[in-house]
Amino acid sequence: MDGKVKEQKRHQQKHSGPKAERKKLKKQEGSTEEDGRKRNPKAFSVQSAVRMAKTFHRSQDIKTKKHHIPHVDRTPLEPPPIVIVVVGPPKVGKSTLIRCLIKNFTRQKLGDICGPVTIVSGKKRRLTFMECNNDINTMIDLAKVADLVLMLIDASFGFEMETFEFLNICQVHGFPRIMGVLTHLDSFKNNKTLRKTKKNLKHRFWTEVYQGAKLFYLSGMVYGEYQIQEVKNLGRFISVMKFRPLVWQTSHPYVLVDRMEDLTDPERVRTDPKCDRTVSLYGYLRGTHLKNKGQVHIPGVGDFQVADVNFLPDPCALPEAQKKRALNEKERLLYAPMAGVGGVVYDKDAVYIDLPASHVNQQQEEVRPTTELVQSLIDTHATLDAKMAASKVSLFSGSATLDSTDVGEHSGEEGPREECVWDPNTQRKRRKVVFTEKEEEDVSGSSDDDEDGDVDSEDGDQEEQEEDEDEDNLSTFLKDARAESDETEKTVTDAPPAKKQKVEGGKKRGEESAEVPAFADSEDDLEMSEEESEEEGENVRAGDSGHCSEEDEEESGDDDDGEEEEDDKEESEDESMEEDDAAGATMKKQTASESEEEEEEQGGLRWKEGLQQKASEAFLRQQKAAPNLRKLVYGSVVEADDSDDEEQELGGLFRVSRPQNSKKSQANGVDSSRFDPDASHNWDLEEMLNSIRDCFVTGKWEEDQDAATLLKEDEELYGDFEDLETGKVHKGQTGEQDQAENSENDEDDADDDDNESLVKVDDDEVQKKKRLEKKQRLKERFNAEYDDEDATYFDDLKEEMQKQAELNRAEFADVDDETRVQYEGFRPGMYVRLEISSLPCEFVTNFDPHYPIILGGLGASEGNVGYLQMRLKKHRWYHRILKTRDPLILSLGWRRFQTIPLYHIEDHNGRHRLLKYTPQHMHCGASIWGPVTPQGTGFLAVQSVAGTKANFRIAATGVILDLDKSVTIVKKLKLIGYPYKIFKNTSFIKGMFNTVLEVAKFEGASVRTVSGVRGQIKKALSTPPGAYRATFEDRLLMSDVVFLRSWYPVSVPQLYNPVTSLLLPAGQKDSWAGMRTLGQLKHDLGIRNKPNTDSLYKPVVRAPRHFNRLHIPKELQKALPFKSKPKQQQPKGKTPRDLQRPSVIREPHEKKVAALLLALSTVHNHKRKKAHTAQHAKHKEFLQQKEKLEEAKLKRQKEARKKLYRIQGQVDQKKSRSSLKGAPQDD
Amino acid sequence: MASHGLAYDGCNFFRQRLVLSTLSGKRVKIKNIRSKDDNPGLRDFEASLIRLLDKVTNGSIIEINQTGTVLFYQPGLLYGGSVEHDCNLQRSVGYYLEALLMLAPFMKTSLKATLRGVTNDPRDPTVDMLKSTALPLMKKFGIDGEGFDLKVVKRGMAPGGGGEVVFTCPVRRTIRPVQLTDPAKIKRIRGVAYSVRVSPQMANRIVESARGVLNQFIPDIYIYTDHMKGANSGKSPGFGLTLVAETLNGSFLSAEMSSMPQGQGDPKLPEDLGRDCAKLLLEEVHRGGCVDSSNQSLALLLMTLGQQDVSKVLLGPLSPYTIEFLRHIRDFFQLMFKIEVQKPSEDERKGGDKVLMTCVGVGYSNINKTIK
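Residue numbers (the working numbering), protein chains in the order written: chain S, 1 to 1227; chain C, 10001 to 10372.
Since the hints were made in silico from the structure, they are not lab data. C-beta atoms are modelled at their ideal positions from N, C-alpha and C, and glycine is treated no differently.
Taking lysine-lysine and the DSS-like style, the derived pairs with C-alpha atoms no more than 25 Å apart in a straight line are:
1) K798/S / K10139/C
2) K712/S / K10187/C
3) K10140/C / K803/S
4) K19/S / K42/S
5) K803/S / K10312/C
6) K972/S / K916/S
7) K10140/C / K798/S
To list a few chain C residues with every Cβ distance to chain S over 12 Å, as calculated:
8) D10144
9) R10205
10) D10266
These stretches of chain S come out as covered by chain C in the derived footprint (C-beta under 8 Å, 3 or more residues):
11) 669-678
12) 693-707
13) 926-936
Just chain S, same shape as in the assembly:
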């Protein structure tokens, strides 16, 4: 073994023999049979059918569990900004986080976070940040609109109630994405505690949200901001986050308002500061399509009808599609009008320029695309201002009535004016540029507002006037002054012919359609021109984002001369356009509108041109007679209901005579859906019959559907087949044909190949094409079949949804926004301006941008109030149970309102029994009077929204089940009576009812006594009133109490009290108090119930017990032994005198002797005592000694015994050993 390692024998591979053979075979075959199933089929054979079925079921279960019900994807192409709500208790760093994130995305610093802040964060994503303060109202509102919640948690403190409350609110109103952010982590000095806290908080957070929910750690602050890298990471997370659609949000339109303007007439406000306000609210539309004139709810304010909706150019638009990775500096937009950021803000009729004190020029340079325009605005307004002033002086030199505001409203003749608006929010003056001239009209044209509509025509006229007589301000002012009074006159005098007929056109619109085709024809161009003039306004606004100014007009005016010759052409375009259908027309309108505008500007001169052409076209049009159906049905859409208002307006002084009779007679016509046939059709004529031949299967088919062609195609595809029995191959006909053709061709070619070569090339191409087509068809079929193979119901459904989504996208994709909005409503993602009239003045005066304003659209009948049935459960963290009829604040749908619920529970027999209190850990039913909300909507309840309380505020949660009073809630009522006459089993009972009628109602009802004897009411007795005869199963006693158990229906109190927290003055917005509960009321007023005296506790007074003497009969006494005989128990009486001993009075000598004796005995006693103690001690000692001895003795004895036992043991051992060895030896 010393270094000599013996080498092992190497493995010898067999090169021949069976083993080698097998291996070789394996090597060869192995490559071909990779599949284990084939190689080793036994291992994969079915061992147990049951097991197989189980595994199959399981796999199918798992598969189907992954499926969700497919929904049609309705997300818009350009989605609205994502709402990120930053929530957390105070002083946790919410504002700082928002500031850091904004800085991260846009490189801009923001001071106070005031209202929503919208930024462009990426090529396809915009974000709206909103800070949520600690008010539960705000938390509820924002939870409903949030897409993503950043939940800030102070790690140094731990979770606070607000966090959990917010999580609960989210759970009820659809769960948005929630991301936790831990702050104040730098306050931990010890690394271990930090880790531990992080872990604890994370796990608690996970149980609330979901396992593995993202929790961010913001470790520390650097110069008052979070660390850049951490914020960047958070931002990255936000910008790639995906969102799930929430039911409520996707079925309702809503706007998180980021801007508010008060449009109320200042004069009205001055005269009546408490008047209702007209307010325009701005924001991105989210959720789903918003219809104009819909109903909205503003949480914290109430329900309102939207007066008007427009869409505005996007103030924070996504960058145009460009193929680059990052945004450049100009595209990183920031829009936060409430915080006073966002530069120039365009409104429908005004431009707001935000001018920070010293950065005027800088600011304007920053806003890139608008610089020139703004510059021009500023330039022009000065000159016009001067103009205005001049005109004012020259005209009404003493009148104070024609001040700037008046002129602004009435005339619309001025250029942009400057208005200094004190912005209470930002504490500075804002220069509001108000356009009153061109823009005003545009507004009126586009808006459906009644007044605007009225002014419209007049304005239009004036505009033309102005264009014509540019300098003549005087005349325009005169006209203006007259405007309201003699509108009709005006239309007669100075409108061009097209305009003049417009009024009539508008009126005729409402007429019945029986006579409409003719009307549609005659009115068509008039209508069109009118509509176009309106459209023009809108288009201009849409086109150059609403900042159309004087300059534009001037430009167009300048261009007019140059474009004059084009006008004719464009006119003709207009005319031809009318023959198209409505959609087409509106599409073209945009292009045509400019020319139209110019035409109008030209005034009375232009219309004369091309009269002949027009006439001929009109003739052609009538020939074609294709009524513009859209107009026929809806009239000119934009001002749908103007005609009526116009009538009313005009009714003041003059009334335009118009054929109203026909309309009136139509109003009471026969109401039938029958459509009488066209009289012109004579179905006896052959050509009429021929005109519908193709509607029948016997008629001619289209090329692609014709049976013959389809058959042929099929043959082409499936013509080739092989007969398996005979082994004969059948070629498809076409193939043969092709061959034949080919051969023919060849022959032809052979015949004359030199001159026909070109043709041949063509033929080849045709052939090639044919082949390609064939291939394509084959492939399609194959695909279809292949997909069909494992197509399930789910796949089909998904495909269907996909198709629908594509259709939805495609249908209106090529229509311009103005028209599109009319068909499908305003689509989410648009920046809209909603005008709401009659908002309470507190909304404006107490406006605080820190509180979110949400406009929640309401569905079909969600504006109504009715009875609601709900399922409700008291929250397990709420420390009290809820009492029936105590007012409760519910958050349901968009709304927050106070109502009075009745709690009930369903008995086993389907009866809904009223509960006095909610059960502790169970669901119960609740009925309220409240806003109609679709079933399945969740709600939460709080007892009060005022102030902050230490404990959990969410009292209950639940879901809406039903929307009517389909269940009647009953409460138990026991009627008590007393028998006054008792027969055998029959008794007369009184005191239960008051009249015979009442008894009659309860005849046959079962009654019972307290002792359990059952009976039945038989018949009323005449006297006393209310008494009745009843039979029982047993005889009653007079002391029995009879009772009747009945159920009494309870009605739900009709209290619906919206929480108007937004109307409260700033700083008190979290102190809304509605109806108080009975308990609170009593507490506040110091009312105490007078308790039933029987229920009161009284001091226990116990009378001393008095026992009677024990009396033993004399006989017994005699028999008793003496021991037990009663002794003389009475106390001894006075000792009789003779037995009394006399007292001894000692002599002085005797006294001395006695004293001496006493002293002696005392001494003796003392001695004795001493001796005794001594003796005692001695004895003790002796006892001790004795014990010692005893001990020693015991020890000795023990030892001796031990010795003895040992010896004995040895002997025993010996004995046993010897016995084991054998007795014979011993013996």
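Assemble chain C onto chain S, guided by the hints.
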């Protein structure tokens, strides 16, 4: 609450207003109902319709002034269930049934309505026609399944009436969007020739003459003769014909004609009636579209109430009733249809202009249906 109602003048399109009001939950006020008439106010048949609405709803408020010229209607929730109604004899059951067809899918519980009265009269769509066209149309919108049926138990002609119809309809939470853009070709024509209290031969005579006209187009014609006797034959004599053309895509076009009510106008020969009715069908085919002219409004309503998806339907020329219905839809649901005229090409022989109606549904969901 701030929901303002809508106000209308005159009693025309009375049904539409009430039905749409019930569906949208908007209150409606109708003024000047025949206010200038010698006999002002609501007619009996309208009052009967209001009563029917009251039966199928829960919590509606209906106020009518003394003369009956002003009606205020605040709709409640559609309840459904089993309803029996004696329709007024001035209008046929079809008048009431058309309203019920629009409301039935949105009830709380499935509707089982028994309507008694005039089943066939010349003014309104008859029960047979609704059965053969409206029901298959509704099926396309996903309203089908068990218990979707319209049964003519007794036939009652005007003016006596005495007919009975049972209409059952299941409830739906949402309505499917549809794309009915291709009517396809007519594959067969079916029909019912009915006669009550007259010779059974009448029906055969009608069939003969109707076939004579229609046979030029298609051979697959079958017209059932339906002669009801005894208790099932109502109170007045009469006869009539309903023709239905079914296309390959399952859309139905129909035409009908019934004899003039007894004692009104001059009687018509059964042969003439059959021929005229066949011509009416040809007229209907000429109009074309996927929905026949009397059901246009039903189709448009169901499109309106669909989910927020694009629906398309190809119609024939819009009837005045439909045009007014479109306006009402805009009033009640703020929804406008995109209306495109499709002109037939030169060499096509498929009748007149067609109208393609496109809309995005309002996303209506049946708030009456209880969730368990």
